[in-house]
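> Next come the chains, spelled out residue by residue.
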Amino acid sequence: MSITLKNISHEYNPGTTFATFGLKDVSLHIADGEAVGIIGPTGSGKSTLLQHINGLLRPTSGELEVEGIRITSEKQNLSELRKNVGLVFQYPEYQLFEETIAKDIAFGPLNLGLAQEEVDQRVKEAMDLIGLDYESLKDRSPFEISGGQKRRVAIAGVLAMNPSVLMLDEPTAGLDPLGRSQLLETLRTLHKTKKITLIIISHSMEEIASISQRIILMKNGEIRMDKPVEEAFEDVEFFEECGMDVPVISRVMYELRKAGKPLSRNYASVEEAREAILQAVRHA
Amino acid sequence: MIRLDNVSFTYDEDEFPAVDDVSLTIEEGSFVVLIGHNGSGKSTLAKLLNALLIPTEGDVWVEEMNTKNEEYTWDIRKNVGMVFQNPDNQLVATVVEEEVAFGPENLGIDPAEIELRVTDALEQVGMSEYRHRPPHMLSGGQKQRIAIAGVLAMQPNMIVFDESTAMLDPQGRNEVLEAIENLKEKGMTILLITHFMEEATVADRVLVMDKGKVVMDAPPVEIFSRVEELREYQMEIPQVIELAHELREQGISLSEDILEREELVEELCPLL
Amino acid sequence: MLRDITVGQYYPADSLLHRLDPRTKLIATMVFIIIIFMVKTPLQYAALGLFVLLSIYLSKVPVRYMIRGLRSILFILIFAFVINLFFTPGTPIFQLWRIRITYEGLRLASMMLIRLVFLIMGTSLMTLTSSPIQLTDGIEKLLSVFKRVGFPAHEVAMMMSIALRFIPTLLEETDKIMKAQMARGADFESGRLLKRAKALVPLLVPLFIASFKRADDLASAMEARCYRGGKGRTRLHELRYAKRDVVVFLVLIVYFGGVFLLGRL
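Sequence lines, in order, name chains D, G and H.
What the first sequence shows, in the working numbering, is residues 471 to 754, in sequence order.
What the second sequence shows, in the working numbering, is residues -10 to 261, in sequence order.
What the third sequence shows, in the working numbering, is residues 5 to 269, in sequence order.
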């Protein structure tokens, strides 16, 4: 199972003077178990892309095949698809509505028509995976807990549907540094242990570099770059041209290399950069 | 100038104080950055500065006016402007110029004078061409700049930014930070509350809050040299500073006052 | 679909109608509505039609834009037409099995249709040519006559303008939450009435909670900017009657008086 997009275009308000392209001729293949980071300026089509992958939006032209289901511009029943592909929106805590945390997380599985027993099991598992204590939290109101915990409850609500693909739009937006790094750690573990396919949108280059194996850069509804993370930040001029920044550490490496220093790559993490610089200093 | 004398604030009688025995002075014309986790009490502190909240213990003085004295409430709020976090929840009007005029209108200022102030305030944040647009069509960064203009039009002595960059994309954040730095150049007193550590490097002074108390209070160079202490408060250390710190630990001689990328690159170059 | 509704929207332009004092427009619209329901003869309708066309021309709002506004209520128009057409007793002019169209029915249905179209056109012209702020200011001023008996004119106007300000925000939010719940398998489209109503809970609860939060934030923001009710408040654009308002009033009296007299001919 995998995700394949063939020449997908999506036009907003077609036929009117407001007509704009959300996506323009996008083709893409994402294999099982990949961790993909999507970057790009606001309005570049990142969210539109995610909404196509779980069928919330239909392409104006082109077709997708997601986990064995074909989606075209024709109307069709996509509940099977939504079961397999979870989408967590920006600020997902705004979608919480039930009296208790357990009930809220159960909303998705119940919509799938599962038996109560199975649903309870799923809720428990999802809370476990996202790092929420089942016993102490299940009967509490989702409106009384901290912002970071709310966000986890919201993500658990999607995880409980047991998707093989999990897509998150700006999962750490608005969280404080502690909440941010904890959530990223949880997502990394989830990816490793559950072998779940992860697709993440983020504005933070440092964050994207730390969680993805592959990076896709979008602009004006098009894919402008698609590279493994190790190679993604080599072309700094290209990022500038797109109105973007590379991770700050990559920028440091780039500037050192531009000054003719013997460093091999624009590493993005502090550890890699430290090792590379130490080695270069010892050689000098 | 603002002075806090042993200020505490408790929301609920039996709960822990959100602000716990804080004393500090914010000098005229200074640029102070206040950092802390969610729930550290930083937003509560901000609301104490313009009488949106009144301390349960201690006193807050704004230009020698005590916020407890209701007679001064409007003078204090006119003096200490505030820009909030959510750009969508603080705009009142359906046209940009009306939005900016809202504060001066409340102060009962003459229409001709309001007109001048609106023009000037919009110019200062670079939003003059949007004067007749509806604010809901603007980007997050532009909305926040309109909110800043709305505060400027009241001609305050000080502006408090209560996590005003938290919900913006990088471009919007840059726009707002640029506007803030412009104000600082013009001598405005600024308190910037944020949880982005990188925003603290340009401040005159950095305050770190934890559990309602101000636990660190020093210029940025000193704050960021205390890496271990910052880690203890689970603060995020900007990556450039972290890299410099780790290289120093490995015996590379880099000066202690590296805050920005350019400084790190400049010091590293001769060593490689 | 929501984008097609032109009633209540503002069309920025520089025209005579845009420059009129909102109070003039409010009163004129009210008088116009009353007259619509008083006229009877075809000649009077023609005169009113001419008035609507002239106003559209003077407003510089494109005719296409006005027609698009009508399209969004096409269903109501057709419904009103059909009901009157088939269910008015009188002299039949057409009969097929049980369906019967009478002369009176045709007449009444056409009149109703024309009245509704005039009504929509007239009121949307008012909102299209006055910004929400001007309208609420106008309403505040008109209502302040009742202030003496304790009517909160300023507060009502402020609530109206804030409601107008937050409509687009709420629409956006509704769309977002709806999509988020659909991603969790919620179904807003199928099922019977009761099931559909139940399906709205996951949408309405978050919307309410978010709205309360917004209200709270907005209250703080307004207080921080020294808002303390209407007392002592000035306005960036104070409303002032101009010469053109007087002229327009005179013209209206003559015109509407003329329409009235046409019925007596």
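Check the hints yourself; a few may be wrong.
[Claimed, not checked] Straight line, CA to CA, 25 angstroms or less: simulated DSS-like cross-link-like pairs of lysine-lysine:
{"id": "1", "chain 1": "D", "residue 1": "LYS545", "chain 2": "H", "residue 2": "LYS247"}
{"id": "2", "chain 1": "H", "residue 1": "LYS183", "chain 2": "D", "residue 2": "LYS689"}
{"id": "3", "chain 1": "H", "residue 1": "LYS183", "chain 2": "D", "residue 2": "LYS476"}
{"id": "4", "chain 1": "H", "residue 1": "LYS199", "chain 2": "D", "residue 2": "LYS545"}
{"id": "5", "chain 1": "H", "residue 1": "LYS235", "chain 2": "D", "residue 2": "LYS608"}
{"id": "6", "chain 1": "H", "residue 1": "LYS235", "chain 2": "G", "residue 2": "LYS67"}
{"id": "7", "chain 1": "H", "residue 1": "LYS235", "chain 2": "D", "residue 2": "LYS620"}
{"id": "8", "chain 1": "D", "residue 1": "LYS573", "chain 2": "H", "residue 2": "LYS202"}
{"id": "9", "chain 1": "H", "residue 1": "LYS180", "chain 2": "D", "residue 2": "LYS545"}
{"id": "10", "chain 1": "H", "residue 1": "LYS202", "chain 2": "D", "residue 2": "LYS494"}
{"id": "11", "chain 1": "D", "residue 1": "LYS573", "chain 2": "H", "residue 2": "LYS151"}
{"id": "12", "chain 1": "G", "residue 1": "LYS200", "chain 2": "D", "residue 2": "LYS620"}
{"id": "13", "chain 1": "H", "residue 1": "LYS202", "chain 2": "D", "residue 2": "LYS620"}
{"id": "14", "chain 1": "H", "residue 1": "LYS217", "chain 2": "D", "residue 2": "LYS620"}
Everything labelled a hint here was simulated from the structure, so no lab data went into it.
Here the structure is a predicted model, which is why all the values come from computation and not from measurement.
> If a hint holds in the structure, say so; if it doesn't, say that too.
Here's how the hints hold up against the structure:
no.	hint	verdict
1	LYS545/D / LYS247/H	violated, 59 angstroms
2	LYS183/H / LYS689/D	holds, 23 angstroms
3	LYS183/H / LYS476/D	holds, 24 angstroms
4	LYS199/H / LYS545/D	holds, 23 angstroms
5	LYS235/H / LYS608/D	violated, 50 angstroms
6	LYS235/H / LYS67/G	holds, 17 angstroms
7	LYS235/H / LYS620/D	violated, 42 angstroms
8	LYS573/D / LYS202/H	holds, 16 angstroms
9	LYS180/H / LYS545/D	holds, 21 angstroms
10	LYS202/H / LYS494/D	violated, 38 angstroms
11	LYS573/D / LYS151/H	violated, 50 angstroms
12	LYS200/G / LYS620/D	holds, 21 angstroms
13	LYS202/H / LYS620/D	holds, 24 angstroms
14	LYS217/H / LYS620/D	holds, 15 angstroms
Comparing the model with each earlier hint shows violations of hints 1, 5, 7, 10 and 11; every other hint is respected.
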